[in-house]
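Number of protein chains: 2
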Amino acid sequence: MFSFDIQHTEKRYRVGVFHTPHGDVLTPVFMPVGTQATVKAISPRDLTEAGASMILANTYHLYLRPGDQLVARHGGLHNFMAWNAPVLTDSGGFQVFSLSEMRKIDNEGVTFKSHLDGSMHRLTPEKSISIQQNLGADVIMCFDECPPPTDREYNVISMARTHAWAERCRRAHARDDQALFGIVQGGIFRELREQSARAISAMDFPGHGIGGLAVGETKQEMLNTLEWMDAALPVDKPRYLMGVGEPTDLINGVARGMDMFDCALPTRLARHGAAFTATGRINMRNKLYEDDEQPLNPGCACYACRTFTRAYIRHLLHVGEILGLYLMSLHNVHFLIQLMADIRRAIIDSRFEEFAAAWLARYSSVVQR
Amino acid sequence: MFSFDIQHTEKRYRVGVFHTPHGDVLTPVFMPVGTQATVKAISPRDLTEAGASMILANTYHLYLRPGDQLVARHGGLHNFMAWNAPVLTDSGGFQVFSLSEMRKIDNEGVTFKSHLDGSMHRLTPEKSISIQQNLGADVIMCFDECPPPTDREYNVISMARTHAWAERCRRAHARDDQALFGIVQGGIFRELREQSARAISAMDFPGHGIGGLAVGETKQEMLNTLEWMDAALPVDKPRYLMGVGEPTDLINGVARGMDMFDCALPTRLARHGAAFTATGRINMRNKLYEDDEQPLNPGCACYACRTFTRAYIRHLLHVGEILGLYLMSLHNVHFLIQLMADIRRAIIDSRFEEFAAAWLARYSSVVQR
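Just so you know, the protein sequences line up as chains X and R, in that order. Numbering-wise, the first sequence is residues 0 to 368 according to numbering that gives the first Met the number 0. Numbering-wise, the second sequence is residues 0 to 368 according to numbering that gives the first Met the number 0.
In short, the hints are calculated from the structure, not lab data. Heads up, some of the hints might be wrong.
Because identical chains cannot be distinguished in the list, a pair is counted as satisfied if it fits within a single copy or across any two copies.
Claimed, not checked - Distance condition first, Cα-Cα at most 30 angstroms in a straight line; then the derived DSS-like pairs of lysine-lysine:
hint : residue 1 : residue 2
1    : Lys10     : Lys112
2    : Lys112    : Lys286
3    : Lys286    : Lys103
4    : Lys286    : Lys126
5    : Lys286    : Lys10
6    : Lys112    : Lys236
7    : Lys126    : Lys103
8    : Lys236    : Lys286
9    : Lys126    : Lys218
10   : Lys126    : Lys112
11   : Lys10     : Lys103
12   : Lys236    : Lys103
13   : Lys112    : Lys218
14   : Lys10     : Lys126
15   : Lys218    : Lys236
16   : Lys218    : Lys286
What you are looking at is a predicted structure, and each value in this text was computed from that prediction instead of being measured.
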């Protein structure tokens, strides 16, 4: 049911098709995040129009509300949220470590207090797989620990636990219409990362997540780690760089052989009033745009840019109208998806390096104005 | 540029076409309210899909933010908000009396303090027309006073002022691509209402608003007033019952010869979690709907009902997702627009009374569960 066909390569950059029970995904791909079974403020039909082919949903949140058993009764995530295309769920591990209170980790699993109501819960590799089977995504992830990336001593202990948990996830995994991906950890340490890549690859998962990045390390540390990962992981399986969505990181990830990316960044930025443009982020609450008749990003083909001026969207944000959040979210998601389409085209045309250099020279991750 | 063709009548119920520079409007019509140049949470293309033919925007709000001159610089409301269909603006009068602080009324106009920042402003009939000309709606309204409906003594004074202001609005009105409607006042008092209808009709406006209702009087007092209005106003011009949108009021209004209606009710209810159904309002936050696989209103053709279950929408509202507000708003607006289409069909088929009786017997305005 799952296979990954690499269709074009230019050096180590690759364009592929990842086949899933809910359709094909062209890679490199950016997956918008639908934490609570909705990509914030965007309907499924608008997501499709924006070019989204695969989305992510969060196991931790959905386990707490509305509950994975409720989602299962309603036919799984695809039916529940009316998204008839590929879905990936994370394992809940990252959120347990970043959101919950009073977590206690042991070799069996993690006990934690819900950030919503203080109730106590326990996640184990088996429980995470069981929840993800109820949610019914096409791709599910191994339950892992996401430790602070620069603490070597702790990463040694934690990595061993993540490997043991990966093996338990593999044994618990039962649905053949779900692909279970392994996750490589090891912080910013080359030796640990290579050791983790070997251990996880040996378990023969159909794809590999690269965890523990974009969580506090420097950009250079992240790029170094991706270089090691590119060399250490099998080339014929998709590599998923977890939690990364800044445009420059997407380009730098593809440049290091990465295939899949997800991030809540585009919708979160939208709610904070920041729009992606060809030259960088702009703050659409700025009075500068009060009378600006241009679209958010001139040349963009999304509904927001085809239809409305910056002046109108600035007004909506200024007076607190939901339509403003919707248009900004739609645009930012479309922007990253279009970037991935442009990247795929560039690789197919064997001009990815020029494309990447021109893009990175033009674009600034810092808010422009 | 403006004309009103009554195409079908059944007794005093009527189906017509109101021609405007931005297109034809089939009447009886419900106009969704876009207070700040957006119908809350709904994009123009979704409004069109929901069947909206004409919308209302609020002069008071748009005068304060973003300012009518800014809207004029961007080509008026149609261009600014990308709504290429008919628009009506109110005069600002009602909001000055209901929203602003420290208002002081004299025969020339009203001085008031903005509810947003406490700044002082003055509206006069001439200023209201000037603002509405800048906003550029197809139909604009005379600046009137909306007094407490049951205070007879004050209604006598206020009505005389409203008539004098109507005459001043008529003189100030300059754009022939805008139709200026007069407004009848007079509270719940037959003699005053009939006197006001005579005075306003004599000024030969192309349409008549009925103001000062749905502001504290009883249902029976409102219906009595509509009976008097139906008898007193010229039949060949559209009658616009201002600020009314409860489904039963729409039916009762059409039953008394009314043609146009507006109300923020459908989107406001949506934000409070209430959905219109064939049998009445339901509270979609209710745990009762946690596992309900039906659409919001079975049989409804809107995007929300075609696509999603109550269980999913209840989840979205429960966890505070914007998509929930969007789907609820879309459904409630579609519901009222569909009701008006059904009413028009019933009148054309000469079965409005049966339709109305069956509808009112089935539907309760009180939240069902």
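Hint check:
1. Taking the shortest Cα distances, Lys10 and Lys112 never come within 30 angstroms of each other, neither inside one copy (47 angstroms) nor across copies (67 angstroms).
2. Only between protomers do Lys112 and Lys286 lie at most 30 angstroms apart by alpha-carbon distance; the minimum there is 24 angstroms, versus 43 angstroms within a single protomer.
3. In the homo-oligomer, the alpha carbons of Lys286 and Lys103 never lie at most 30 angstroms apart, since the shortest distance is 48 angstroms inside one protomer and 32 angstroms across protomers.
4. Proximity of Lys286 and Lys126 under a CA criterion of 30 angstroms is satisfied inter-copy only: 26 angstroms between copies versus 50 angstroms inside one chain copy.
5. Taking CA atoms no more than 30 angstroms apart as the test, Lys286 paired with Lys10 passes in neither setting, with 46 angstroms inside one copy and 56 angstroms between copies.
6. In this assembly of identical chains, Lys112 and Lys236 lie within 30 angstroms of each other by CA distance neither inside one copy nor across copies; the values are 36 angstroms within and 66 angstroms between.
7. For the identical chains of this complex, Lys126 and Lys103 are intra-copy neighbours only, at 16 angstroms inside a copy versus 67 angstroms across copies, given an alpha-carbon limit of 30 angstroms.
8. For the identical chains of this complex, Lys236 and Lys286 are neighbours neither inside a copy (48 angstroms) nor across copies (44 angstroms), given an alpha-carbon limit of 30 angstroms.
9. Neither within a single protomer nor between protomers do Lys126 and Lys218 lie at most 30 angstroms apart by alpha-carbon distance, with minima of 34 angstroms and 58 angstroms respectively.
10. Taking the closest pair of Cα atoms, Lys126 and Lys112 come within 30 angstroms of each other only inside a single copy of the chain (16 angstroms); across copies the shortest separation is 59 angstroms, beyond that limit.
11. For the identical chains of this complex, Lys10 and Lys103 are neighbours neither inside a copy (45 angstroms) nor across copies (76 angstroms), given an alpha-carbon limit of 30 angstroms.
12. In this assembly of identical chains, Lys236 and Lys103 lie within 30 angstroms of each other by CA distance neither inside one copy nor across copies; the values are 34 angstroms within and 74 angstroms between.
13. When the C-alpha separation of Lys112 and Lys218 is checked against a cutoff of 30 angstroms, the pair qualifies neither within a copy, at 32 angstroms, nor between copies, at 52 angstroms.
14. For a Cα distance limit of 30 angstroms, the shortest separation of Lys10 from Lys126 qualifies neither inside one copy, at 41 angstroms, nor across copies, at 68 angstroms.
15. In this homomeric assembly, Lys218 and Lys236 come within 30 angstroms of each other (Cα to Cα) only inside a single copy, at 25 angstroms, whereas the closest approach across copies is 69 angstroms.
16. In the homo-oligomer, the alpha carbons of Lys218 and Lys286 never lie at most 30 angstroms apart, since the shortest distance is 32 angstroms inside one protomer and 46 angstroms across protomers.
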